[in-house]
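Undergrad: Please work from the sequences and hints to get the whole structure.
Just so you know, the protein sequences line up as chains A and R, in that order.
Per the numbering used here, numbering of the first sequence is gapless, rising by one per residue and ending at 618.
Per the numbering used here, numbering of the second sequence is gapless, rising by one per residue and ending at 470.
If you are wondering where the hints come from, they were derived from the structure by calculation, not from laboratory data.
Think of the CB as a built atom: it goes at the ideal place given N, C-alpha and C, for glycine as much as any other residue.
Accuracy of the hints is not assured; some may be wrong.
What the hints assert, rightly or not - No more than 30 Å apart at the CA atoms, straight line, and that leaves these computed lysine-lysine pairs for DSS-like:
#1 A/Lys453 with A/Lys518
#2 A/Lys605 with R/Lys131
#3 R/Lys131 with R/Lys118
#4 A/Lys236 with A/Lys291
#5 A/Lys238 with A/Lys97
#6 R/Lys216 with R/Lys153
#7 A/Lys259 with A/Lys99
#8 A/Lys518 with A/Lys291
#9 R/Lys360 with A/Lys597
#10 A/Lys199 with A/Lys159
#11 R/Lys360 with A/Lys596
#12 R/Lys360 with A/Lys585
#13 A/Lys596 with A/Lys585
#14 R/Lys360 with A/Lys528
#15 R/Lys360 with A/Lys518
#16 A/Lys159 with A/Lys238
#17 A/Lys159 with A/Lys97
#18 A/Lys453 with R/Lys360
#19 A/Lys605 with R/Lys223
#20 R/Lys131 with R/Lys153
#21 R/Lys118 with R/Lys101
#22 A/Lys518 with A/Lys238
#23 R/Lys223 with A/Lys596
#24 A/Lys585 with A/Lys518
#25 A/Lys314 with A/Lys342
#26 A/Lys259 with A/Lys342
#27 A/Lys313 with A/Lys83
#28 R/Lys205 with R/Lys313
#29 A/Lys605 with R/Lys313
#30 R/Lys223 with A/Lys597
#31 A/Lys291 with A/Lys83
#32 A/Lys483 with A/Lys528
#33 A/Lys483 with A/Lys605
Unchecked claim - Residues from chain A that face chain R, not an exhaustive set, calculated with beta carbons under 10 Å:
#34 Asp185
#35 Ala434
#36 Leu438
#37 Arg443
#38 Ile567
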Amino acid sequence: MASSAARGRRAVIEAPGRQQQRQERLSGQHERLWAFLVLGGGALLPRPSGLHREPAPAAHQSAEPSFRQGPLPGQDPEVDSRKIDQEGRIPDETLEKLKSLGLFGTQVPEEYGGLGLSNTMYARLGEVIGLDASIAVTLAAHQAIGLKGIILAGSKEQKARYLPRLASGEHVAAFCLTEPASGSDAASIRTRATLSADKRHYILNGAKVWITNGGLANVFTVFAKTEVVDSDGSVKDKITAFIVERDFGGVTNGKPEDKMGIRGSNTCEVHFENTRVPVENVLGEVGGGFKVAMNILNSGRFSMGSTVAGMLKKLIEMTAEYACTRRQFGRSLSEFGLIQEKFALMAQKAYVMESMAYLTAAMLDAPGFPDCSIEAAMVKVFSSEGAWTCVSEALQVLGGAGYVRDYPHERLLRDSRILLIFEGTNEILRMYIALTGLQHAGRILTARVNELKRGNVTTIMETVGQRLRDSLGRTVDLGLTGKLGVVHPSLADGAHKLEENVYYFGRSVETLLLRFGKTIVEEQLVLKRVANVLINLYGMAAVLSRASRSIRLGLRDHDHEVLLASIFCSEAYHQNLFTLSQLDKHSPENLDELLKKVSQQILEKRAYICTHPLDRTS
Amino acid sequence: MRQLRLREIRAFYHGHAASRPLDWNSTPGLSLSPKGVKILAASLRAAVPPQAPRGLRCSAAAHNPDSSLVPRPPEPPRRPVKALAVHEELFRPALDGTRDKANFVRAVQNFAEYNVHKRGHVDFIYLALRKMREYGVERDLSVYNLLLDVFPKEVFRPRNIFHSIFLHYPRQQECGIAVLEQMENHGVMPNNETEFLLVQIFGRKSYPMLKLVRMKLWFTRFKNINPFPVPRDLPQDPVDLASLALRHMEPDLSARVTTYQMPLPKDSPDTMDPTETHIVGIQSPEQQSALARHDPARPIFVEGPFSLWLRDKCVYYHILRADLLPPEEREVEEIPEEWNLYYPMQLDLAYGRSSWDDYKFDIDEGKNRDRSNSEHCMGRGAASMKARNSPLRGSRPISPLSLPPSNICGTSLCWLLGMTRTGPVPPLRSLVEQTCYILGVPGRRYTTQSLVGVRRISSGTLKNQEASPR
Chain A
1 MASSAARGRR AVIEAPGRQQ QRQERLSGQH ERLWAFLVLG GGALLPRPSG
51 LHREPAPAAH QSAEPSFRQG PLPGQDPEVD SRKIDQEGRI PDETLEKLKS
101 LGLFGTQVPE EYGGLGLSNT MYARLGEVIG LDASIAVTLA AHQAIGLKGI
151 ILAGSKEQKA RYLPRLASGE HVAAFCLTEP ASGSDAASIR TRATLSADKR
201 HYILNGAKVW ITNGGLANVF TVFAKTEVVD SDGSVKDKIT AFIVERDFGG
251 VTNGKPEDKM GIRGSNTCEV HFENTRVPVE NVLGEVGGGF KVAMNILNSG
301 RFSMGSTVAG MLKKLIEMTA EYACTRRQFG RSLSEFGLIQ EKFALMAQKA
351 YVMESMAYLT AAMLDAPGFP DCSIEAAMVK VFSSEGAWTC VSEALQVLGG
401 AGYVRDYPHE RLLRDSRILL IFEGTNEILR MYIALTGLQH AGRILTARVN
451 ELKRGNVTTI METVGQRLRD SLGRTVDLGL TGKLGVVHPS LADGAHKLEE
501 NVYYFGRSVE TLLLRFGKTI VEEQLVLKRV ANVLINLYGM AAVLSRASRS
551 IRLGLRDHDH EVLLASIFCS EAYHQNLFTL SQLDKHSPEN LDELLKKVSQ
601 QILEKRAYIC THPLDRTS
Chain R
1 MRQLRLREIR AFYHGHAASR PLDWNSTPGL SLSPKGVKIL AASLRAAVPP
51 QAPRGLRCSA AAHNPDSSLV PRPPEPPRRP VKALAVHEEL FRPALDGTRD
101 KANFVRAVQN FAEYNVHKRG HVDFIYLALR KMREYGVERD LSVYNLLLDV
151 FPKEVFRPRN IFHSIFLHYP RQQECGIAVL EQMENHGVMP NNETEFLLVQ
201 IFGRKSYPML KLVRMKLWFT RFKNINPFPV PRDLPQDPVD LASLALRHME
251 PDLSARVTTY QMPLPKDSPD TMDPTETHIV GIQSPEQQSA LARHDPARPI
301 FVEGPFSLWL RDKCVYYHIL RADLLPPEER EVEEIPEEWN LYYPMQLDLA
351 YGRSSWDDYK FDIDEGKNRD RSNSEHCMGR GAASMKARNS PLRGSRPISP
401 LSLPPSNICG TSLCWLLGMT RTGPVPPLRS LVEQTCYILG VPGRRYTTQS
451 LVGVRRISSG TLKNQEASPR
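TA: Structure, rendered in structure tokens:
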């Protein structure tokens, strides 16, 4: 009796320690995630309150009033998304109002005249801005990538010189990386910057395509090849980032592209012809442009989650309105099961991407400079695909009405298609998610894999024993639930599913590394599955954490959240099981070989191969 | 059975039975007495509605004086018989000398018109079959159907089980089979009309029908059995033919066919030789880049001629190839550090693919390299070899320095010297050409694999050939 009481006391005493430990682990570095996922141990899951740290409520409150007065879509009739879409440009007065609200410098530090919002606050703002895709894209191109380079890599002088005017919106920024021959392949960049004879200028020559804000911008972040003398004395071509003002001369842009969606944003070609860029305008180091570009791209992604979630919330409202008023067969549409199902799907997706986005934002806001690029990529992939499915489902609810321009659904559908493409296509981001993770897991497992390959009897026996136990059905408990667990008991079911998935995913990753080693880079279908499982796992962790928090804080309608969280956990769990079984080498679910064969035959002939069903031989 | 009897009876009534022996050749053992016939007739008349007499319905065989009750061995088909020239006049060339489908059809119709009783139609059909090629209708299904239509209907159908068991009207059936055989040889697929005609003429249980059923079964299965189909009508222009051959050898659709040298005009005084010389080459982008990377200090080889058969035409080609670099000199393709902006192109791990996922062949590229397993092809093409002392003949290592730079270093290194020769198989003496011949059965084509095989054998042989001038 006494001993049990002592145990209980000890547990209570230990609890803060454990929580402390968890919080440390929550620093959001993907290494942690992977250590957790792959080794099946540790605890990545944020504390219930990990989702909303101190800055978060403040952000929410401070942001709220500014939306009220803002010229923001859905709140101000001035912003007519339909008109923006039809005319293909954002009216100047709207832009002026956006500038006057300081929305062009949300993440610029306050000392440079920006709002200095944290990532969480920025995400919250994104929800409102996301109601008009063209405005969202224009703002994102300006501050998430256009001027981000200056914030991340700029020197004091550069910041002082450019940021104030950019933050006020007096100048608009654009990010110039893509070229006709170079999408994600940095090696094929053709734009070239050569040092002038007096060594005070770089002469920039080249063409960049698909530059958002290319026609509006005055300040460009341009990436070009420069000759760099290596440490060993050899001359190499390396990428360097430059801040280029339009006034430097020689900067021209083509006419705006006629796009499918986000038609209000300005996208065009930008040409640089003998543009003289002062040496002071090199961003970061000479030859260090690759890193700059990567950092900018990686940092800009997480906000898509909240932006899309904001749009989806509005969409659910509009669609529900239609479904409840439209009557067929004497019943309103909302009474039909097939319609109801669509709303559940939309709510679930919105809930998950919101949770993921704010969890990531919170991790980014954590002290230090946590690298959350994997998480941000996962948010981007999940939210862009969620947006596409949800808008399509909503349009389906409207039927024919959704197909005409009277309702905004067709515009939203067109707008949301770009989400799957820009900021790194989802295919490429999946590679990033899987490979970055596998790199880390591979390093941890190196010793073990080497021993297995060498035929160390003890390790082999251990592994075999482990597999045997697994196959006999083991209950995985990583300590998410229970007395000191972070997950609320009403979500225990989902938590167990997450734990089981995590454990078996770890096993699968180990097997994959054992099978493919570093050549796994070539196994794109395998990598895609690894990424899919990871995205689901992250989503499960995020919703469990958020729903637990809601219950514990007693937020309104938390039972609804529990429902959504359980649904998602269940769905994701089964998806993961299926995907993991596909990762087995000889599983009947794995059709990779067949798929490859089919596509090879088609691509060799470059045509659809089958004969017409009406063809005969006689 | 009843039909047959009725026919016999009717023939009897019309008096044919009295004047000449009936053709009983397929119904041996059926004894016929006038009395029995009469009884049969009496019992049948009520049952069968009377039909208008259709004239003489005995077969051609019935006219033969040597016809007997014993079935004769079938005459071998398509053997020219002097007597068959009877209908030759129907196929007289038209006034303007043209021989086309219309003339052929007219000839067949004339036969039917002038010969109401279709006397000698078997001979006529054999004759027509032989004439079809002259009229260019040997691939025309409608003409075959027209020919089959010449047969009288209903006459040769077996009327009882014994007819079916024993060859009924063998000469006619043979003739019908001959028509189908010729269709088969020219790849003409019978259609429903053919089947209907055959049913009308010979009935379902007859040998022509059996042949037809088999054709319908196998033709459909074999029609597309060749994964690399050669067009039925090959281009007449040798350059076109050469490009076709090259396209067949190089599956890459990005590969470009280049004509390096056109054949000389026919009336040119230089052409001592009736065969025209031309050079056509094909090169894929990969081959171009392989050539661009090639170290000029290493030799490249022009090998050939190899032959390739396209239906009945033979094309000769040469390949340009180089040896694989020895393993120690091969450059490992380095993945640049700053390449992909979005994801790592390589993993920094110490271990590679394990053996149970390694599907590559274990090739021993040891020091004892012989050419056969260490060569890679840089281009290939069809070659015209009539110029006997062409410098490109044989497997002679050509140092890039010994060829004009334009030939080697430009984008258009000419690989393939092309000359096509049609007609009979050229004298095959060397092992190379024998191998090619075996592989190149007319109408087939080489696969890339088979070419590799040929080349292996050839490179040794051709060296020997060099020593002994042909």
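Undergrad: Which hints, by number, does the structure contradict?
TA: The structure breaks hints 2, 5, 28, 31, 32, 33, 38; every other hint is satisfied.
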